[in-house]
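Which chain is which? The protein sequence lines are E and G, in order.
Its first residue numbered 61, the first sequence is counted upward by one per residue in the working numbering.
Its first residue numbered 61, the second sequence is counted upward by one per residue in the working numbering.
In case anyone wonders, no lab produced these hints; they're calculated from the structure.
Mixed in with the good hints, there may be bad ones.
As the list claims (entries may be wrong) - Heads up, simulated DSSO-like pairs for lysine-lysine below, C-alpha to C-alpha not over 27 Å straight-line:
hint: 1; chain 1: G; residue 1: 386; chain 2: G; residue 2: 358
hint: 2; chain 1: E; residue 1: 358; chain 2: E; residue 2: 341
hint: 3; chain 1: E; residue 1: 386; chain 2: E; residue 2: 303
hint: 4; chain 1: E; residue 1: 303; chain 2: G; residue 2: 386
hint: 5; chain 1: E; residue 1: 212; chain 2: E; residue 2: 303
hint: 6; chain 1: G; residue 1: 341; chain 2: E; residue 2: 173
hint: 7; chain 1: G; residue 1: 341; chain 2: G; residue 2: 303
hint: 8; chain 1: G; residue 1: 303; chain 2: E; residue 2: 173
hint: 9; chain 1: G; residue 1: 341; chain 2: G; residue 2: 358
Number of protein chains: 2
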Amino acid sequence: MTDIRTQMDEIGRNAREASRQVARADSGVKNSALEAIAAAIEASRPALLAANEKDMAAGRTSGLDAALLDRLALTDARIAGMTEGLRQIAALPDPVGNISDMNYLPSGIQVGKMRVPLGVVGIIYESRPNVTVDAAGLCLKSGNAAILRGGKEAIHSNQALAHAIQTGLEKAGLPAAAVQVIETTDRAVVGEMITMPDYVDVIIPRGGKGLIERISEEARVPVIKHLDGICHVYIDDDADPEKALQIAFNAKTHRYGVCNAMETLLIAEGIAAQLLPELAKMYREVGVELRGCETSCKVITDCIAALPEDWDTEYLAPVLSIRVVKDLDEAMDHICAHSSAHTETIVTENFSRARRFLREVDSSSVMVNASTRFADGFEYGLGAEIGISTDKFHARGPVGLEGLTSQKYVVLGDGHIRN
Amino acid sequence: MTDIRTQMDEIGRNAREASRQVARADSGVKNSALEAIAAAIEASRPALLAANEKDMAAGRTSGLDAALLDRLALTDARIAGMTEGLRQIAALPDPVGNISDMNYLPSGIQVGKMRVPLGVVGIIYESRPNVTVDAAGLCLKSGNAAILRGGKEAIHSNQALAHAIQTGLEKAGLPAAAVQVIETTDRAVVGEMITMPDYVDVIIPRGGKGLIERISEEARVPVIKHLDGICHVYIDDDADPEKALQIAFNAKTHRYGVCNAMETLLIAEGIAAQLLPELAKMYREVGVELRGCETSCKVITDCIAALPEDWDTEYLAPVLSIRVVKDLDEAMDHICAHSSAHTETIVTENFSRARRFLREVDSSSVMVNASTRFADGFEYGLGAEIGISTDKFHARGPVGLEGLTSQKYVVLGDGHIRN
Chain E
61 MTDIRTQMDE
71 IGRNAREASR
81 QVARADSGVK
91 NSALEAIAAA
101 IEASRPALLA
111 ANEKDMAAGR
121 TSGLDAALLD
131 RLALTDARIA
141 GMTEGLRQIA
151 ALPDPVGNIS
161 DMNYLPSGIQ
171 VGKMRVPLGV
181 VGIIYESRPN
191 VTVDAAGLCL
201 KSGNAAILRG
211 GKEAIHSNQA
221 LAHAIQTGLE
231 KAGLPAAAVQ
241 VIETTDRAVV
251 GEMITMPDYV
261 DVIIPRGGKG
271 LIERISEEAR
281 VPVIKHLDGI
291 CHVYIDDDAD
301 PEKALQIAFN
311 AKTHRYGVCN
321 AMETLLIAEG
331 IAAQLLPELA
341 KMYREVGVEL
351 RGCETSCKVI
361 TDCIAALPED
371 WDTEYLAPVL
381 SIRVVKDLDE
391 AMDHICAHSS
401 AHTETIVTEN
411 FSRARRFLRE
421 VDSSSVMVNA
431 STRFADGFEY
441 GLGAEIGIST
451 DKFHARGPVG
461 LEGLTSQKYV
471 VLGDGHIRN
Chain G
61 MTDIRTQMDE
71 IGRNAREASR
81 QVARADSGVK
91 NSALEAIAAA
101 IEASRPALLA
111 ANEKDMAAGR
121 TSGLDAALLD
131 RLALTDARIA
141 GMTEGLRQIA
151 ALPDPVGNIS
161 DMNYLPSGIQ
171 VGKMRVPLGV
181 VGIIYESRPN
191 VTVDAAGLCL
201 KSGNAAILRG
211 GKEAIHSNQA
221 LAHAIQTGLE
231 KAGLPAAAVQ
241 VIETTDRAVV
251 GEMITMPDYV
261 DVIIPRGGKG
271 LIERISEEAR
281 VPVIKHLDGI
291 CHVYIDDDAD
301 PEKALQIAFN
311 AKTHRYGVCN
321 AMETLLIAEG
331 IAAQLLPELA
341 KMYREVGVEL
351 RGCETSCKVI
361 TDCIAALPED
371 WDTEYLAPVL
381 SIRVVKDLDE
391 AMDHICAHSS
401 AHTETIVTEN
411 FSRARRFLRE
421 VDSSSVMVNA
431 STRFADGFEY
441 GLGAEIGIST
451 DKFHARGPVG
461 LEGLTSQKYV
471 VLGDGHIRN
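Please model the entire structure based on the sequences and the hints provided.
Here it is as structure tokens:
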């Protein structure tokens, strides 16, 4: 424990030190570092695949399940995906240094806001080696130093990637400590990382709910996170039936295991009898299990009665809960009570109800006539995404480069003093 | 303890419930509530003064010092200040609902950001009754519910103000729980308030450093705060001498006990011999004690040798530490090591050094040729200020209405689904 603390202390101190240099690096320098890292990854492809094979072999021996092994695996295509990602980040505009809202004030001073890096970003994630590269790229471009702690199953892959990252940083003249990949697999590392406010400005946990809950509970620094994605589609009386069917089907079935998939369908009683049988047929054809309220079960054959806990469950699976509601107010009350504040959609042609839904639903993304599946940094035009935040503080919704920055006030005067 | 917990739980639940109504209230409703509160305060002036007299009498009996008694006292002028403050807040633009950056994306959806209230704001403060009214006004206007916990010395004054606030809320048709003033003086209240993430979205502590440190340490919700104001003025070689003298004098002597007063003067060695004797004379005339580095002590007569801890001390008093530095880099290194990230100023006519200082100094306000005393919500044109944040997360620098809000994504489509 003491060893880990000493070690993490040094990592933190080095990150803080490096963060000053990354913060003032020009966009050109940061972009050339991203390009150099991409090149170094390409150059070390054989070593990378060999290191990954070590992790895969250990994973198979220790009995990792197929889904985890799939996430862990590196292939030529995945390596190409990583380097392409780095080049996309290089192509994005640099948020750092942007000055906005610069105005002259009555005293004669000019006041504006300059966008600045957060400082040191700590990222704790599972055994997906591509996150190492993504996270390094996003933190660098946004002018932050990064401390990365991946899952122990990916340790050899991450070490090989860390080596390529170091090579790229060195080539661009940025300090090696700008991106540190932690090589100790001891879990105590996480406990230290989240309790070093002097050295870490924000923690971004990515992974299972248990991990994120534990980190949020114990962290002594701000955390950007989302725990659940219990997303709702509300089909209003005045919905266009075809749009309603398409959106409700897409939001549930486009991908099941993602946080922006719909988990509960709310439908106004005025339109339920018209749409639910058809929708149920569409879901049945792709094998989605339906769990409905009493009214839904009357309208749909083969509908299982929903239990109270269904309204609070993120299935991440081909399962959907359905509730018939009286009107918009009942739908919004249900959302307020059960949503995880991730993403909700209303399907309606009624202007006033759309307007109310947009204003009153308190989620990180609120939509009209669009699938919840659009809640995504790429779809929103952020160019990249380090995660999705369902908190209200600081970044909310998909978090791109701007979410990894803050703003400071800049004041220009000409010898101005207070009277 | 259990009683306090039950009580705070109910207050929290009521605040959360009320926050939904405040969030969707139109600007007109919120403004009429602010006006009605101002009118109710004016109407209850005799009761208010009587309640305050009870607090003052108790304060005198318990031996409160003169400064605390002064802060506690209500006068006709102070009551007028409160009601004027409320009317100024009513006159400010409403940040809630503002939509920005609305763009069409390649998929055809429109994506933008809508400004939304944080939800429930908890404010913990000392025995200044005007904070009760200010805080209530700012939270209301920004669409938040507020839980206010003032110092026990002001309990009668705060109860009387709470009564006026309730009257105003009721008149405007807003729920009484939109602003709750806690009437229990038990200190356990604070411990509960800062550990109710389900009911409180952010805590703003205002008061002594000890209180703020304890709250930051123990809070389980985000905290907007600043601990210290160790502000620096750096006089560069290329400073205009007259501007340098004026700014250095104003930043220290305009008011001593404020967080944006200069505590350390840094001066380039190339200009120190020219300016320091004159500056020292100006300071001496108003009784400012000078504590200098070795070089300063050679240039200035009557300069006390500074101890290492002087560079990390917020005097809040007529005391100034002075250090002669080699150049801009040494000045910025000193600031990085000793600043509390509140406010720093460079005095220079050199464009390139001003540009570097603005970019590289990592404080909530960074200035060129202006007194640190300008770091203030009113001077920045925010119209009002609930506090100053020296954190990097969320709000930074003076926090006005916008700092009490967040943004959510809004997405408009026409039946769009993900492919």
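So, going through the hints one by one against the coordinates:
For the hint linking residue 386 of chain G to residue 358 of chain G, the alpha-carbon distance of about 16 Å falls within 27 Å, and the restraint holds. Taking the CA atoms of residue 358 of chain E and residue 341 of chain E, the gap is near 15 Å; set against the 27 Å cutoff, the hint holds. For a cut-off of 27 Å, the pair hint linking residue 386 of chain E to residue 303 of chain E stands: about 20 Å separates their Cα positions. Note on residue 303 of chain E and residue 386 of chain G: the hinted pairing is violated, with a Cα-Cα distance of about 69 Å set against a maximum of 27 Å.
Between residue 212 of chain E and residue 303 of chain E the CA atoms are separated by roughly 45 Å; this puts the pair beyond 27 Å, and the hint is violated. Among the hinted pairs, residue 341 of chain G with residue 173 of chain E is inconsistent with the structure: their alpha-carbon atoms are about 36 Å apart, more than 27 Å. Between the alpha carbons of residue 341 of chain G and residue 303 of chain G the distance comes to roughly 16 Å, so the proposed pair stays at or under 27 Å and holds. Proximity of residue 303 of chain G to residue 173 of chain E is assessed by CA-CA distance (about 24 Å); at most 27 Å being required, the pair is judged to hold.
Among the hinted pairs, residue 341 of chain G with residue 358 of chain G is consistent with the structure: their alpha-carbon atoms are about 15 Å apart, no more than 27 Å.
Of the hints listed earlier, those the structure fails to meet are numbers 4, 5 and 6, in rising order.
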